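Trainee: The lines below spell out each chain.
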Amino acid sequence: MSKPFTRSTTAGVLFDAPGPKARARNRIFGVLSLLGIAGLLWYVFDALNDNGQFDAALWDVFQYTAIQQRIVDGLVSTLEAFGLAAVFSLVLGALLAAGQLSEHKPVRWVCVSVVQFFRAMPLLILIVALYYAFFAKEPMWALVLGLSLYNGSVQAEIIRSGVNAVPRGQGEAAYALGMRKTQVMTGILVPQAVRSMLPTMIGQLVVTLKDTSLGFIITYHELLFVGKAIATQPLNSAGFPYIPVVLVIGPIYIAMCLLLTALARWIEARGRRGANRRTSAAA
Amino acid sequence: MGFLFEDGNFALFRDGFLQTIELSALSALLALLLGTLLAAFRVSPVPVLRAFGTGWVTIFRNTPLTVLFFAVTFGLPPLGVHFSHLVFAVLALGSYTAAFVCEVLRSGINTVPIGQAEAARSLGLTFGQTLTQVVLPQAARTVLAPMSSVFIALPRNSAIAGAFSVSELYSAQQTFSERGYSIFAIFFWVACAYLVISATVALLFRFLESRLAVAR
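Each protein sequence line maps, in turn, to chains A and B. All residue numbers for the first sequence refer to the working numbering, where the first residue is 260 and numbers rise by one. All residue numbers for the second sequence refer to the working numbering, where the first residue is 317 and numbers rise by one.
So that you can see chain A by itself, here it is in the shape it has in the complex (with noise of 0.2 Å):
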């Protein structure tokens, strides 16, 4: 490198961009590593393979039409149960955070508590509950709700720090001018706040996609459910691919997952650019 006063990209806040001996020394340790990485691939690797678990037998299953059919049918129901709770729990969240910043105290202390009750349960134990109580005949509707409700006091949340992080300036000169308590709110606050807290609120909605997969504990046809239903059908005769369900499953879930939190960074990026550059502290 040419310039040796600055820091190279690579070099973080812990180290110096390396001399000669530090990049002698940091490519042994890379190597050591590399190897050490590299022979525990190999491990996993040669423990599946002795184990039969990249027969082709075995990766049949996925070839039939009808299986691929249920995967993505698996897929659509768990993007079904999200859309529905991203939606409603984002609603959800507006009006509780509306609802704990207002001037009532009542009203404000029944959305705090709510607020705070459901973000300490188990989701797991609220989803399975409601699906005994209510919804016993369409599970979807028992994980849409406990989705909604749980996501949306952690939205509610995200949103009220975000209405609290706008400066004060703004809400007064708002009032100043002789706008409503809701105009101000509605036109000048939330605005400003899901702006500044749109990357915060994505990725809580990356979390409401991950959870949609605790259908599959109440028997909703998602696609966890759908892949446990692959690998125990007797169907194969090479054994239960339980291993290659997880290998097609789990890339699924990423990639989606993967997906929304490079809409959020975009977004953040985008909220960066150009005149409007002021961020929260809080996001």
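FYI, nobody ran anything at the bench for these hints, they're computed from the structure. Only a predicted model underlies this, so the values are computations on that prediction, with no experimental measurement involved. Warning: the hint list may mix true and false statements.
[To be verified] Listed below are several chain B residues computed to face chain A (Cβ distance under 7 Å; list not exhaustive):
no. : residue
1   : Val359
2   : Phe443
3   : Ala475
We put the beta carbon where it would ideally sit given N, CA and C, even for glycine.
Since the structure of chain A is already known, use the hints to place chain B on it.
Mentor: Frame of chain A; chain B shown alone:
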């Protein structure tokens, strides 16, 4: 509400409660150790280790916990790995939470003023010494608040283990439901148990924060 104190139900509930605590504590320990190691990997000068840390975090943060439990419970026994269900659950929950611990710690490392690491390096400390003796202790103290939300989420996530044959609070809920007690009464007691656990963890972290907070 009174069903809890009939027919030995309380023993089942108590065992579930203790199992949830045991599972959470073991997973928390694993997550803390593994997460710290991964955070060290992610800031290390060796690119291969950085890539490994990044890969681990990407995979485990974006896989639903249910899928991880599924993979561990049904994927490992065919490979000849036989542990108890509790150990499987600890592995799944611990390695999932480790990814979050790693990210929290890494963000903490980034907030430690750059002069600290520079001073340590100019005194001749190696990367390992800089990290373990100067930067990590300060980073850990600044991230107590986000760390507390990770460790409050952990006992809540542990409920999923109940669906994979660990007899903890969720499976106690299942058993009570099958015995035909009122859903609401069961939910009330299980909810209370989880609230007690979350509140304890929250208090613990608040105590730690008050003891360790850095005035900057």
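Trainee: Double-check Val359/B for me: the hint is only fine if its C-beta lies closer than 7 Å to a C-beta in chain A.
Mentor: holds, 5 Å
Trainee: Verify the interface restraint on Ala475/B: the C-beta must sit less than 7 Å from at least one C-beta of chain A.
Mentor: Ala475/B check passes; min Cβ-Cβ to chain A is 4 Å, inside 7 Å.
Trainee: Quick check on Phe443/B please, does its C-beta sit within 7 Å of some C-beta on chain A?
Mentor: Cβ of Phe443/B sits 5 Å from chain A, so the hint holds.
Violated hints are absent here; each numbered hint is respected by the structure.
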